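Number of protein chains: 2
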Amino acid sequence: MEINFTPITSVGEFGLIEKFNSLASRFANPKVLQTIGDDAAVLRPTPGNLSVITTDILIQNVHFDSSYTSMRHLGQKAAAANLSDIAAMSAVPTAAFISLGIHSNVSVEMIEEFYDSFTAELGKFGCVVAGGDTSASPVGLVVNVAVTGEVEPERLATRSGAIAGDVVCVTGDLGRSHAGLMVLQREKKRYVEAGQPPDFTPGFEGYDSVLQKHLLPEPRVELSRSISEKIRVHSMIDISDGLISDMLHLCKSSGVAASLDEEFIPIDPVTRRTAKEFNEEPLAYALRGGEDYELLFTIAENDFPKLFSLEGYIRPIGRIEAGTPKVTVNRKDSPAEIYSDFISYQHFAKRK
Amino acid sequence: MEINFTPITSVGEFGLIEKFNSLASRFANPKVLQTIGDDAAVLRPTPGNLSVITTDILIQNVHFDSSYTSMRHLGQKAAAANLSDIAAMSAVPTAAFISLGIHSNVSVEMIEEFYDSFTAELGKFGCVVAGGDTSASPVGLVVNVAVTGEVEPERLATRSGAIAGDVVCVTGDLGRSHAGLMVLQREKKRYVEAGQPPDFTPGFEGYDSVLQKHLLPEPRVELSRSISEKIRVHSMIDISDGLISDMLHLCKSSGVAASLDEEFIPIDPVTRRTAKEFNEEPLAYALRGGEDYELLFTIAENDFPKLFSLEGYIRPIGRIEAGTPKVTVNRKDSPAEIYSDFISYQHFAKRK
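As you go down the protein sequences, you meet chains A and B in turn.
Take any residue in the first sequence, count from 1 to its spot, add 389: that is its number in our numbering.
Take any residue in the second sequence, count from 1 to its spot, add 389: that is its number in our numbering.
If you're looking for bench data, these hints aren't it; they were derived computationally from the structure.
Each statement offered as a hint is correct.
Derived list of chain B stretches under chain A, where covered just means 3 residues or more per stretch with a C-beta under 8 Å from a C-beta of chain A:
id : segment
1  : 420-432
2  : 436-444
3  : 477-483
4  : 519-531
5  : 543-553
Because the structure is a prediction, the values reported are computed rather than measured.
Where is the CB? At the ideal position from N, CA and C, for every residue including glycine.
In isolation and in its complexed conformation, chain A is listed as follows (with noise of 0.2 Å):
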């Protein structure tokens, strides 16, 4: 396979400027006014609704490690992250603001892969780029994006509104992109101790669905907006860092602890499979796993037989309850476990 690289030098940042244009064109949104092009992007709000915005940085060697993250998934990735967010306020995604500070070993056509599978997961829910800053960088690939919405007063769901009572739910399944992560990095780690032959084959085959959640995660927008157009939902939060600790944040913004079953909690069998092959209880892989971008949710009991007929997996696994702000998981076959601190990842953690 051949590899092209075009140094940014050659074409600058204004002939880069015209590149990203071309490619955030192909999509629009009549609330979108005015996008690159002056001092500032101009959007018309729905009257009457709110506005939620959300931002990520994301920073090469911090965030992402380049040998297993091709551009197209990092694109991909950084509209789906905020993107999620926004699903998480109820909300529909209107317009994105990306900043890229790019250092002169990414070319030309890693940037428009980038920049195509970004633009391209944000027009799939109607969101265009409506806004950027594009920098040199001393070092590797600085992303920053700014994502807005908006979202009816009476269908915004925040973090604090779950009450004592309420059923806790979740999207989808838990810990498979955690399995993913497992995967690459133990691939990586085979592919570095041999030496890093040209000719290494990385052995993902049965691994599909782990790899391809946590390399091209899918944001849960439409089915957020199915769910808030059936019923009220209480308290809302998207898991990125782990389904404790961001049950845990709920949790501590809501004032109340929740309650969660092992059974309940819906693991994929390729999940349970990888988690095995590593030696570790597929329970903590949902339980701690970053990134799986589901969305968690709280709402009144008799609301639940409503969700039914909503396409997409939805499970409920547990309650909220009255007190001081926890987690307890009952096991099946081992004593309830229980968190009230964050385990998730934090940047600048103290080493011991």
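Got chain A sorted already, so can you dock chain B onto it with the hints?
Okay, now just chain B, sitting in the frame of chain A:
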């Protein structure tokens, strides 16, 4: 002077976020319903108004030199640059979003100083930090800022509304920031060439106005609103790249030409003196110097007298004419200069 250096690891990501929240919570805006602590911020736009959004990335050693940019200056400048873009749309800033990539050579004190001046500068104009993201960075400091604001549709000023016959106006004076930069670079060079002695005194006396303008620029948020309250602004841009470059942006967006008169271009006496010390024409600083963050706008001729009552310094500097986009500068003592291509700084420019 004793300088405290508390490593970020001693407070961790969540400790840092707590410090940020405490600094940010000094300011509030009734349109911002929910700030940090959920999947996204929630804003209530004024029904009927348009939203504007701008974003900027700042990377250490690309956009700022830490040897003469203190964290306090950087914080204000990061806010001011984005507020200036909001002002250039005639809009009122509402909320800001900040992503920080922080290397381990940056202390808690440095980041607090940055955040303190960043939030204070926004707060002056009623703008609050409503969200952000914090990450480790392998090298230096990375700052991404997005600011949103709102504007009545009839007051929106874009780059594309200039028409033949318009008077071209500018706020404040030009080239002053560039003069400040030249002094800073000269003193840094002296310091380095002297072997970086601990008792080095930079020669800053008499340069207050140019240094202040470069290090602590003030966006024209209030003046912009006062202008659009009195008259209909046909087109507007902020001067961040230099007069010629930004005038050309406006001309290209509007499909018109501009004819400017040297004698009307406002230049501060200290800017003049500084340019001469560097054996440069003061006019060159005004035409090409960046980061003045003044407003450049065009209005109908008979509206100009309506601006007389405004505080602040507004000057007519030329005319909009029909024709191919270009900028003519009519000189007093030499032939007119004509610019039709951008001359501003371009990232990834090809080295000759």
